[in-house]
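**Student:** Please put together the full structure from these sequences, using the hints given.
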Amino acid sequence: MSNRLKYEDSPYLQQHKDNPVHWYPWGDEAFAKAKDENKAIFISIGYSSCHWCHVMEETVFENKECADILNEQFVCIKVDREERPDIDKHYQEVHYLLNNRAGGWPTSVFCTPQNKPFFAGTYIPPESRAGSIEGMGFIELTKLIGSKVSSNDEQILKNADEIDGFLNNYKHPTQATVLKEDFTKNFMLQAKNNYQPRYGGFSVAPKFPQVNTLSTLLTIDRLYGDKSARAMVIDTLDSMKKGGMYDVIDGGFCRYSVDENYLVPHFEKMLYDNALLCELYTQSYLTYKDEKHLKIAKEIADFWYNFMSEDNLFYSASDADSEGEEGTYFVYSYDEVKKALIDANYEDIASMLEEMSVTKNGNFEGKNIIRFDGEVPAYFEKVKILLQNLRKTREYPFCNKKVQTSWSAMMIKSLFILGSIDAKYKKRAVDSLEMLLKTMHIDNNLYHTTLIHKKPKVKAFLEDYAFLASALLEGYKYTQNEIYLINAQRYANKALEDFYKSGKWLFSHGEFETVAEITDNTYTSSVAVMVNVLLSLSILLDDDKYSHFAYKTLEYNSYELGRKPIYSPYMLKQVLRYLKEDKVIKSKLQNLEINSLKLASLNYPFIQLKASEDNGFMICGKNSCFAQYDAVDDIDI
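My numbering applies: residue 383 is where the sequence shown begins, and numbers increase by one.
No wet-lab data here; the hints were simulated from the structure. We treat Cβ as the ideally placed atom computed from N, Cα and C, and that holds for glycine. Treat the hints loosely; a few may be bogus.
Claimed, not checked - Within a straight-line C-alpha distance of at most 30 Å, the following computed DSS-like cross-link-like pairs (lysine-lysine) qualify:
(1) K399 - K498
(2) K839 - K609
(3) K417 - K839
(4) K720 - K624
Unchecked claim - Distance windows between CB atoms, simulated:
(5) L571 - I868: 37 to 47 Å
(6) L571 - K766: 36 to 46 Å
(7) Y478 - K839: 20 to 30 Å
(8) D400 - K764: 40 to 50 Å
(9) A484 - K677: 26 to 36 Å
(10) K970 - A805: 16 to 26 Å
**Tutor:** Laid out in structure tokens, this is it:
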């Protein structure tokens, strides 16, 4: 048997099952073969909607010369980073250690027969490029590595041993500092230094949404009335929704923009981005009452429900490519848009095309991405249907029907918050949470991922416990279903038992014991989410042990938080929450339900809700209740 990926459930591994490369999935069989035959190991890590992963498959893994070298001199292992984030995290650390810069996907790692890494890169084209070993093409590089490993080259083995030693020598923070609100001053300074006033956002290009930076700025504005924080949030959210990175036709955000003004995206759509942005636009509406932001939040939720879900379970991603090219599904020719408008009997077509940024030359490789640099005109609701109908004639990008506990929980949490405004989203959240638990919690074990309608195999990581507990607590807030609170406590307890070590949190344990980071990278830090969960449990259950663990985590990371809060905005928000403390609003269940929008719109950012026998609204802190109001409109916190 040559390629063993055909037996795997992962959609990404299935994409590679017909490669001429003799791929193995991650497992003992591959490593035993490498040792027995003294062959170097090549590990390739990617995911199904990754454009450059597809490029490397086409140029390298489908290339007979490349495949022949790999099959003769290497044992080749293919890993889905979404299925095994622990493996991916480990080798991203390897890449950083070897190259002194962050990696990315595809990740290409070469190891000794004992699986000790000595070289790591990302996309490597088949032919040589100018420069040193990093500039070698895949053919030249694999020939060189294969030869050196088979001859037991002493330098490669020595380098691999040194790298292995570094990886196993995790350094604890050397000092702590007092937690204080002044951390926000440094954060604001760093945010302002990074901010791009012309188009919003915090980088030139490529531009990622940086949701947690914006979310923390929103919190700072709510706490302190900071006009500059408010301007950065509103201007960036307005800029991102114009069209391009945001799909104004179907809804939903693409992964990132390759330019500075959010026009040309990398067209893949990820569940975690859309879940976090749905929450952010909802919170922005609740704070600033901009109906346009609420519309975006609803369109995100509706897109994922209509295009990317099945049986109340959420798919993880859709691809950037269709019909063999990136963006084909999403863009339009000038002539087809013009004809659609003529056929629909519109009159002022020239100005409509101009408003939608549609030109003969196009704004993306001769085609057009629909975009509005001004206000979206009223006619677009009907025109959107015409443009959707044009898309229906095209091949839809590949959808990764993998269900992930952590990412699904992010969307469920967002739906609960959106449900405070429109009850239909709360219903979706309840249904999705029920199905997620039914699918991913089996025989008292929580699992990380599975292909839809398949039995899960990969057990949960810290992020799954954290985001699921967070979603359950949000569900409790807006439904007062005690089972949600009980389950949130159960998952938090299990996370403390399995992943917590004296202030430090592990992301995974077992085969790969990796340390969880406090930085918000691709999405929110699972450590910061756990602190959020623990603070909620502490106030809701009146149990100081949870706030103790939260404090120890914050203290453990306080030095870096004080110096570089811009890298850990969600953790900074938890520092502020710990210092300012939660307020619990108690009232009869009916009062909480009827006034859900007004309660969600209260300016103080750290509020819990709890059903009681109070006819009015009792406001409580950690140790006592201190105010009572007859009407929700009177509440002043």
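**Student:** Does K399 pair with K498 here, judged by a C-alpha cut-off of 30 Å?
**Tutor:** Holds. K399 to K498 sits at ~26 Å (cutoff 30 Å).
**Student:** Mind checking the hinted window 40 to 50 Å against the Cβ distance between D400 and K764?
**Tutor:** The hint (40 to 50 Å, Cβ to Cβ) holds, given that D400 and K764 are roughly 44 Å apart.
**Student:** Could you see if the CB distance from L571 to K766 stays within 36 to 46 Å?
**Tutor:** 42 Å, holds
**Student:** Taken at face value, is the distance from the CA of K839 to the CA of K417 at most 30 Å?
**Tutor:** 27 Å, holds
**Student:** I want to verify a distance hint. Is the separation of the beta carbons of A484 and K677 within 26 to 36 Å?
**Tutor:** 35 Å, holds
**Student:** Holds or violated: the 37 to 47 Å window for the beta-carbon distance between L571 and I868?
**Tutor:** Because 43 Å falls inside the window, the suggested range holds.
**Student:** Within 20 to 30 Å or not, the Cβ separation of Y478 and K839?
**Tutor:** Holds, since Y478 and K839 (Cβ atoms, about 29 Å apart) stay within the stated range.
**Student:** Taking only the CA atoms, is the gap from K839 to K609 under or equal to 30 Å?
**Tutor:** Measuring from Cα to Cα gives roughly 49 Å; hence the hint is violated.
**Student:** Within 16 to 26 Å or not, the Cβ separation of K970 and A805?
**Tutor:** 18 Å, holds
**Student:** Assess, step by step, whether the Cα of K720 is no farther than 30 Å from the Cα of K624, and give holds or violated.
**Tutor:** Given pair K720, K624 holds - Cα atoms ~21 Å apart, limit 30 Å.
Violated hint for the displayed structure: number 2, the only one.
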